[in-house]
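Could you slot chains X, H and L onto chain A? The hints should help.
Chains as they are written, first to last, in our numbering: chain A, 19 to 360; chain X, 19 to 360; chain H, 19 to 360; chain L, 19 to 360.
For the record, the hints were derived by calculation from the structure and aren't laboratory data. One or more hints might be untrue.
Because identical chains share one entry, a pair is satisfied inside a single copy or across any pair of copies.
Unchecked claim - Derived lysine-lysine pairs resembling BS3-like cross-links, with alpha carbons at most 30 Å apart:
1. K320 <-> K291
2. K240 <-> K356
3. K297 <-> K171
4. K42 <-> K171
5. K235 <-> K291
In this text, all values refer to a predicted model and were calculated from it rather than measured experimentally.
Number of protein chains: 4
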Amino acid sequence: MIQFNCDYTRSAVPEVLEALCNAKSQYAGYGEDEMTNDAARIIRRLTGDESVAVHFLLGGTQTNSTLIAAALRSYQSVVAAETGHINVHETGAVEALGHKVTVIQTENGKLSAEAVDEFLTANEKDPNIEHVVQPAMVYISNPTEMGTLYSLKELTALAEVCRRHEVMLYMDGARLGYGLAADENDLTLSDINRLTDAFYLGGTKCGTLFGEALVIKNPMLKRDFRYIMKQRGALLAKGFLLGVQFETMFRGDSMEDTLYFRYARHAIGEANKIREALKSEGVPMLIDSPTNQLFPMFTDEKLRNLQEQFVFDIWSPTLVRIATDWSTRSEDTEKLIKTIRK
Amino acid sequence: MIQFNCDYTRSAVPEVLEALCNAKSQYAGYGEDEMTNDAARIIRRLTGDESVAVHFLLGGTQTNSTLIAAALRSYQSVVAAETGHINVHETGAVEALGHKVTVIQTENGKLSAEAVDEFLTANEKDPNIEHVVQPAMVYISNPTEMGTLYSLKELTALAEVCRRHEVMLYMDGARLGYGLAADENDLTLSDINRLTDAFYLGGTKCGTLFGEALVIKNPMLKRDFRYIMKQRGALLAKGFLLGVQFETMFRGDSMEDTLYFRYARHAIGEANKIREALKSEGVPMLIDSPTNQLFPMFTDEKLRNLQEQFVFDIWSPTLVRIATDWSTRSEDTEKLIKTIRK
Amino acid sequence: MIQFNCDYTRSAVPEVLEALCNAKSQYAGYGEDEMTNDAARIIRRLTGDESVAVHFLLGGTQTNSTLIAAALRSYQSVVAAETGHINVHETGAVEALGHKVTVIQTENGKLSAEAVDEFLTANEKDPNIEHVVQPAMVYISNPTEMGTLYSLKELTALAEVCRRHEVMLYMDGARLGYGLAADENDLTLSDINRLTDAFYLGGTKCGTLFGEALVIKNPMLKRDFRYIMKQRGALLAKGFLLGVQFETMFRGDSMEDTLYFRYARHAIGEANKIREALKSEGVPMLIDSPTNQLFPMFTDEKLRNLQEQFVFDIWSPTLVRIATDWSTRSEDTEKLIKTIRK
Amino acid sequence: MIQFNCDYTRSAVPEVLEALCNAKSQYAGYGEDEMTNDAARIIRRLTGDESVAVHFLLGGTQTNSTLIAAALRSYQSVVAAETGHINVHETGAVEALGHKVTVIQTENGKLSAEAVDEFLTANEKDPNIEHVVQPAMVYISNPTEMGTLYSLKELTALAEVCRRHEVMLYMDGARLGYGLAADENDLTLSDINRLTDAFYLGGTKCGTLFGEALVIKNPMLKRDFRYIMKQRGALLAKGFLLGVQFETMFRGDSMEDTLYFRYARHAIGEANKIREALKSEGVPMLIDSPTNQLFPMFTDEKLRNLQEQFVFDIWSPTLVRIATDWSTRSEDTEKLIKTIRK
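Bound-form chain A, shown alone (with noise of 0.2 Å):
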């Protein structure tokens, strides 16, 4: 069986496992180590931004909880699209932090600027404010969990929105690389810094065995990070084991130059040979997505067929979703292709 279903089924990039067995010699623990901090200043310079603190985390998980922990206090609320990873697959980490996650619905995905800017408005006006938890920060993946992308202006526009309205911005980078290394994603990580508050560079589906960069911009929420990492059990023990990796991956003069980039931007490139696929055979998709996840849905007995060989997430009896990563084989690629046109 060949499985499409998701973008961790591979441990690592071999240049990545590479310079794991190379790492023979003793390093200082807790992230305290050169490698660790050699890693952080390459991430700093490829943001363009020499002040942020860059902190490596194991999951997407707990990256976002200890994150969201660092940002709220008890009353204030994170405010996601209805289909946001934090609001429906993390089995209530937020919550279990103490906070309620505020969702608006949303037809892509994303959270629109209006949305955002009307949701937070008519918050302003209750007049029973203080009896209704109170927003201070924005959660938005990119790419979302249907593959969408921000463009640079509507990320523009929403960070206007949460200035105006003193709220903080968060971006999930789980799948960063892919939508970086997308066709029609006009975002940089300056960018992305820039426009945020937090953000993270995601690792375990982008090529590292695990672990997530997290970058974070502003100071209110750098301030004793590694206390709340600790706490939460986000503080490994070999913490150079994440700097060997991110180090490897994030090498480079520019974005395009690092093996984090090229190898997302292969996973495109095997997605798109798949999307051409199935527009050509007419196979209807819930949803244009230009990354690494396509959302096609098959007739029943096409799906059967197609089960045979390939493994993918189940959605619902009509939708699946596939998904190319780092490790996709232009063969199995081809295989797929081969017996969607069938």
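For chains X, H and L alone, coordinates are given in the frame of chain A:
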């Protein structure tokens, strides 16, 4: 100005004040006194179930969050109507305890058995089940925040769904007196106890100075409940003050005999008069609510006119809430009706 | 049986009951009424600081945990004497909010400036600092749980240490009335306000039916405090009940003029008589406590004898707590003394 | 500089790195793969109990707090030695989940059955029982933070006390490998499983890149454990990475056959050599610890001298921790011994 905006504008029914003034002896602390025992015994008798635990707490938000804290494990959620008090007007008290409030859209503030069944069934089939919070309790309010009531048939169906899916059912009875006293009500205290795992008889809005009487049938919820009360600041040092008030309100051979019911019946009578006037004047209403809360939609001019003498709860520029209560004076009701008819 | 076991055995001073019976008009909800404003204004005046925020909460555990929740970030702790109420008798309410109570051993229930300085200095030098909770507030009670009092000199030194280490200082004043009225007290309300970030004037144990008046000076603690109160069930719907009671207790040109002080002074007078009798009879005492709590160590026989007529709080087979309060009857005190002397 | 300061300075044993490099196929996500199943099966077999649940988590703090969160209701506490890791070096992670860590003073880092019995008995007799947190679990570490070990006799006695008082017993085995491999150890994995409700076999400090294998016997703790892991960020997307590592470490017919044991045995051998040297040189030690951690008290001069070549963990100006581990090179041990003897 005459307040019709809510049902907690005056202190307490005279009999309660008198009982408090007569309570001059020394009592044991923290509700371990005879007066509190008496009040609990009386409520058990009215409920027709000697096995229930009765605890007296201070207010609605506190009662809801303490009971829900006792019910849920960390990854479990409580299901509520989107308009449910715990979802909208408790500043995220449930989330502050670590639990998601999972909401279902409704038109009339009531959760139907069908909607809950559909939601719970879908949840049980979710292939990512461990990534999603686990619903473990259904919260309803009766009367609802929109003044509507559950019928015996509706509550029976809902209870059956909960039992089938092994989730608990809890009824917020902040205004239960006004529900029991409504013309169209067909639920007895014994029905409510039989069909739910826990419910409370609201005092604050129904004639006491403060306090709610929580009735717990489910043995799992009874366990160590006083620990949880104490931890959450809900164990009043002078607990006997609650005993004195509830003993006064619930003394009687049957519910209909109690001061609690008779004062609620007064409020319903006043609401009925206002409802009739609104109907005969052709004022549209958001919903047909049979209890002490009415939701007329006045014209701008009419509203401005009324607001010269009366205070309402303003829900939107054209929608107001009018509430009567045990303390509503018939002359004030007459004045209001006269002004509506003008 | 005559109860000398605690200071919350009777309802309220007659003037408070009378004021509640006279409060017949309609009030705004949730403490936004004029009566509550008046009570807050009066307390601000007695404190001599127009800038403080005054909030009325329902009980001690609730007040402590709500204030501490407002003060600490998730990884921060509150430092207390091992005997501190938050450490031993609130069922872990502070921990339930996510915070460690870091304890310092004491002999008399008081935290000395030296002990706190030593602890905070050691913490700041800890090389594993991010692996250890960060102390951010010092909690003291005055009078302490052992009936002892802070002098102006002691509190000044402690405040100086807190300021130097940039931690907040909070005083639990559940029995502050009995502290202010004690013969050896040299602290004024103005001193306490000047030297702490927040403190409360306890009502429950000092003559009201219930309620505590929290005085907040530190602007950081004032922020959005009503949200936190509401979330924690500490915002009473009929908040005016607290306003009525505290306005009655604190009306007056100076603290000495208030009912609060005068009733406390009565309790101190009764305690002084009992203390004298214990001393003259040679009954050893655990500690020399100048307030309304005494800790005699009776012989087994003497204790059994006393327990025929009197209820004490039993701390160990040979150690009991005797408490007087505003409601202690002089004839009961006389009976107790007579029995002690027998 | 040669690091003897802790046991997490190098990546992983070569066999683990090799296994990771060879894991090139696609795996199911979140630990639902065959490799993880194999690793769990192997550990169940070594434990001699097919009924236990085995979960793989990422680090010690995460494992402790996730297991404790599963065990305790909101008002319950965990009892630990004052030196216990959860009490001193996890930034209040247990309290962040809402639970008090109740501490007992010890001299050697171990909780004796007598001390625990005395504490639990006193708690059960507390007349204010509902005002005090309810102890529900005893936490021990083995080896302890001071390098000491529980004997079979001691653990049996402690387990009996826990059973009698109906509290659970949990063993933190961050360094369990070094405990099992110590000369004076008389506990088997089967004993530990029989006497505790849950324990973990630490990987991070004993030869894996990261990861801990949690073994749960108590059915109450098993319930829905993966939900809690996911909520707390402890369910690794590429869970198979843990499966690969633990399968490699624990493969073998008996514990003595496993890489886990053999590498631990190496560390013990190196520690034994250093201990002998310290003893023969008359260097006093804080405690007689039979595992991989030693606590010598050097003179100032000697320490300065050693610090020219070696890094230790500095506990106080005169007390250091020396730790060996699976990666300690015999030539480095020789150098250290030579310098000690100089």
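Checklist entry - Going through the earlier hints one by one, which of them does the structure break, listed in rising order? => result Those not satisfied are hints 2, 4 and 5.
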